Amino acid sequence: MTTSVNELLKQEPGEILEWLKSVQSGNNLVTNDYNWWLGIAEVANSKARKETVSEKKLQWAEVAIQVYDYLEDRAYPNSNSTDCSAKMLSVAMINQLGVVAGHPVLDPQATQEWFFKRLTGSLEEVTKMASNWQTRPIEEILQLRNLKNRLNVIEALRSAGYLQQDAELTKWLEIKSKLP
Amino acid sequence: MADLFYNKLPDELAREMAQAKAIGVKPKTLNRIADVDSEFAVVANAGTLKWVITEQGELVVVVKWIGTTEIAHSVLTEGKPVQAAGEAEISSLSGQFYGISITNYSGHYQPDEASVELGKASFEKLGIRFL
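So the sequences go chain by chain: B and H.
Start counting the first sequence at 1; every next residue gets the next number (this note's numbering).
Start counting the second sequence at 1; every next residue gets the next number (this note's numbering).
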C-alpha cells in the first residue's frame, strides 16, 4: 500500500525521520516510485525554509536531504538534480541559521568538499572540453552542465560570504560562464 | 489528449504561490519558435529548468532555483492539472539551443515516463532537439 504523501507530511519532522529509519531498515514497505519520494523531499525542503523553530527547521532539512540522497542512486544516469537540491537546501539553511563546523547540514566546508569530490577532470581538461562543448558527445556535454549546476551551489555559498577565498575554487567559478 | 496529472500536494500551493510572488518568479510560456528568444537563452543557460505541458497543451518553463529557493512545478500552473511535467537541461550558444537532458522529475505532479516523450516533442516543435 502506498502511504499518502499529504498524510505523511502532516506529521512532525522528528516522526518522519523515525519513519525514514524504519523504511531504511526494511521494517516499513513503501513504493519505489521516484516521484512519490521526490514529493516528500520537495515539501520537506519547502517546510525547512519556512519553519521558524530552529530544531524543527533542521529536522525538515534532514528529511529532505535523506530523501534526496536516497533518490540520487535511483535517478537517470548522470543526473545530479537531487544532489544539487540537497546542497542548495544546505546553503539556504546556512543563510538562515549560520555556520556550525562539522554539522552535516550547516558546515560550508562540507559543500566545498562535495564540489571537489564530484569533479571528473582537471581544470585544464574541463577548460579544453568547454571551449568546443557543442561538438562533443552528449555524455560530455551533460557532464559539463552538471558541473555548472554544482558551481551554482558554490556560487550561492560564496556570494553569501561563507566560503573563504580559495584560489582553486575561484578558477573553477571563472569557467562557469563557458560551460553549457 | 494525454492523461492529466493533478497536483498531489495541494496543501502547499498557497505557500508556494506566495513565495514565488515574493521573489518575482516569472514562468515563460513557449508557444511559438519566436518565444525561444534571447530572454529564454538567459533562463536556459542559468541551469536546470522545470517544465510542464498544461491541460491546454502550452509548454511553460521556469528556472529551477532562484537564489537558493527551489521553484515548485505547481507555480507554473497555479496548481492546475498538466499533461506532462519534468526537468530539463538546455543550453544556448550563438542563437542555437541544445537539449542536453530531459526527465519526468516532479514530486508535485508525479507524472509517468511518457512525460519525457511528450516533453521532447514539445521542445522539438520549437527547434530544441534533445541530443
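Take the hints with a grain of salt, since some may be wrong.
Below, computed lysine-lysine pairings styled on DSS-like, alpha-carbon distance capped at 30 Å [what the hints assert, rightly or not]:
#1 H:K125 - H:K28
#2 H:K28 - B:K21
#3 B:K57 - H:K125
Rough simulated footprint, nothing fancy, chain B against chain H, three-plus residues with beta-carbon under 8 Å [what the hints assert, rightly or not]:
#4 65 to 72
#5 92 to 106
Derived by calculation from the structure, the hints in this document are not laboratory data.
Please read all numbers here as calculations on a predicted model, not as lab measurements.
Note that CB positions come from ideal geometry on N, CA and C, so glycine has one too.
For each hint, the structure was consulted:
Between K125 (chain H) and K28 (chain H) the alpha-carbon distance is near 16 Å, which keeps this suggested pair within the 30 Å criterion. For the suggested pair K28 (chain H) and K21 (chain B), the alpha carbons sit about 40 Å apart, so the restraint of at most 30 Å is broken. Distance check on the hinted pair: K57 (chain B) and K125 (chain H) sit about 43 Å apart at the alpha-carbon level, beyond 30 Å; violated. By the rule of at least three residues with a Cβ nearer than 8 Å to a Cβ of chain B, the coverage given for the segment 65 to 72 of chain H holds, with 6 such residues.
Coverage of the segment 92 to 106 of chain H by chain B holds. Counting CB-CB distances below 8 Å, 9 residues qualify, and the rule asks for three or more.
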